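**Student:** Those protein sequence lines, which keep their order, are chains A and B. Be aware that the first sequence starts at 832, since it is given in the numbering used here, and climbs by one per residue. Be aware that the second sequence starts at 151, since it is given in the numbering used here, and climbs by one per residue.
Any given hint could be a false lead.
As the list claims (entries may be wrong) - Dumping the calculated BS3-like pairs for lysine-lysine here, alpha-carbon to alpha-carbon at most 27 angstroms:
id : chain 1 : residue 1 : chain 2 : residue 2
1  : A       : Lys962    : B       : Lys310
2  : A       : Lys921    : B       : Lys310
3  : A       : Lys954    : B       : Lys310
4  : A       : Lys976    : B       : Lys310
5  : B       : Lys310    : A       : Lys850
It is worth saying that the hints were derived from the structure and are not from the lab. Predicted, not measured: the structure shown is a model, and the values here were computed from it.
As a plain string of letters, each chain reads:
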Amino acid sequence: MTDTLLQARGLSKHFGGLKAVDQVDLDIHTGEILGLLGPNGAGKTVFFNLISGVYRPTSGTVHFQGKRIDGLPSHRVAACGVGRTFQIVKPFASLTVLENVLVARGITRYGTFRRLWGPWQSKSETRAAMKILERVGMAELAERKAGLLPLGNLRRLEIARALVVGHQLILLDESFSGLRHEEISQLETLIRRIRDDGITVLLIEHNMRVTMGLCDRIVVLDHGRKIAQGKPQDIQENDLVIEAYLGSRGGRHAA
Amino acid sequence: MQLFFEQLLNGIAMGSIYALVTLGLALVYGILRILHVAHAAVYTVGAYAGLFCYSYTGSLLLAFLGGMIFCSILGVAIERLVYYPLLKYPPYVPLIGSIAIMLSIEEICRLVAGPYILTFPATLPFPEFQLGGVTISSTLTAVYVITTVVLGLLWFISTKTELGLAMRATSQDIPIADAMGINSHAIVSIAFVIGSSIAAIAGILVGIYYNQVYPTMGTVPAYKTLALIVVGGLGSMPGAVIASMLLGVAETLLIGYADIPLPRDALAFIAMIAVLMWRSEGLMGSK
Chain A
832 MTDTLLQARG LSKHFGGLKA VDQVDLDIHT GEILGLLGPN GAGKTVFFNL
882 ISGVYRPTSG TVHFQGKRID GLPSHRVAAC GVGRTFQIVK PFASLTVLEN
932 VLVARGITRY GTFRRLWGPW QSKSETRAAM KILERVGMAE LAERKAGLLP
982 LGNLRRLEIA RALVVGHQLI LLDESFSGLR HEEISQLETL IRRIRDDGIT
1032 VLLIEHNMRV TMGLCDRIVV LDHGRKIAQG KPQDIQENDL VIEAYLGSRG
1082 GRHAA
Chain B
151 MQLFFEQLLN GIAMGSIYAL VTLGLALVYG ILRILHVAHA AVYTVGAYAG
201 LFCYSYTGSL LLAFLGGMIF CSILGVAIER LVYYPLLKYP PYVPLIGSIA
251 IMLSIEEICR LVAGPYILTF PATLPFPEFQ LGGVTISSTL TAVYVITTVV
301 LGLLWFISTK TELGLAMRAT SQDIPIADAM GINSHAIVSI AFVIGSSIAA
351 IAGILVGIYY NQVYPTMGTV PAYKTLALIV VGGLGSMPGA VIASMLLGVA
401 ETLLIGYADI PLPRDALAFI AMIAVLMWRS EGLMGSK
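Take these sequences, add in the hints, and give me the full structure.
**Tutor:** Here it is, written out as structure tokens:
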């Protein structure tokens, strides 16, 4: 029996008449890399936003380590140990790479009003932040302005920030898109290492090869509904999934 | 020469006061990208609240404290009740809201305190200096000292403390700051508390400096500080301070010396137009 880290039940988000996410049940098991797959507009990012507190669900519940987190504002979800990246990379451009990580380190300290007046540049803080940067292989870029980094490094920086916040679970929103071949394989190694360090990973990915190779389990969404879940090879052979991606077989063959 | 130095000292004092008001505006613009025109009304309220506390208690310390507390509450109320709900609209919507608040507060001041000029008969307990025949009055000393302390504190907070880092993060991207565990809404409110407290200090200083408090005392500063944050570079706090100082000195010197047939208040706007034409990012701003 595997441990469930995050449990979503009947999770829905409707925007007017559009059911962006509709009655989705999903379990994330501790220590796995779970892939969230689906064609454009399937509701993957909305689902992320529901878990991370950006949106309040229309209905349904989310439990994280047994604690109910749906409807909490995103800074509170983050404080529970859920870190995330964004589909469009958004570093704090005018801060250095190190400062970007230090902002995230603040999560351990933003809690009380009094602590807000404390210093942020202590030696132990900087050391801890550098350790994270070493983990994602960016230590030598620590003093660079984040706004000047190329995309591959920005993606790593986002993961670094997410790691600081998400000491339990990190949500990666299309971290591979737009990357070159060798950058993709480096990032795959990094994500595997993160998982081996005991952090659970939920990732949205378009690149089939990456998803199939990297994920332990895959959940497929289409039009806001969960249409399949299972091991990568099962998903590859699932008729519903093939239909969602390629259109129904009969129709195409006739043409 | 003596006159020149006296004018220069007055100019620096003027510039300091501009800087105090403009800082709040720069702070708010930096975080919410809203032109907080009503900030000048907060400054007026600060002068009134300070005067009120002073005439009841006779203590200047309580006057400053009372003004700061009252203005903080007012500032946060404006943020929570007006700006926050309007943030999802294009920037001119909160701007119109802000102008409306400014006019209403002015009218409320007129209704509550009357349309007259009230006097603020207090002397600030600061020493007077003689420097080579030039007298630095206790009020001038007070303006210099208080401005220096406020700027120093603000610099310390924004560069050295956790709050400063959280504020910088929030000003760059609110959703991301949230994802980093920052309660950005609280940070925004703290920024309003800081900006409004400084506005209260400025209002009381001006009230004492000119010995006048009246409902429309914020009108000219409202437009002038707007010009100043543009000149300084939108959202840049060092830029706001430098632009304010330059303007204060330029106003007093140019208008006092050269026979320029212009009202002194025009200078700020000429500077703004010039900056917009030749260096639209402002003195210290980034594009």
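**Student:** Determine for every hint whether it applies to the structure shown.
**Tutor:** Okay, the hints, checked on the actual structure:
no.	hint	in the structure
1	Lys962/A to Lys310/B	holds, 22 angstroms
2	Lys921/A to Lys310/B	holds, 24 angstroms
3	Lys954/A to Lys310/B	holds, 13 angstroms
4	Lys976/A to Lys310/B	holds, 18 angstroms
5	Lys310/B to Lys850/A	violated, 46 angstroms
Hint 5 alone, counting from the list given before, is not met by this structure.
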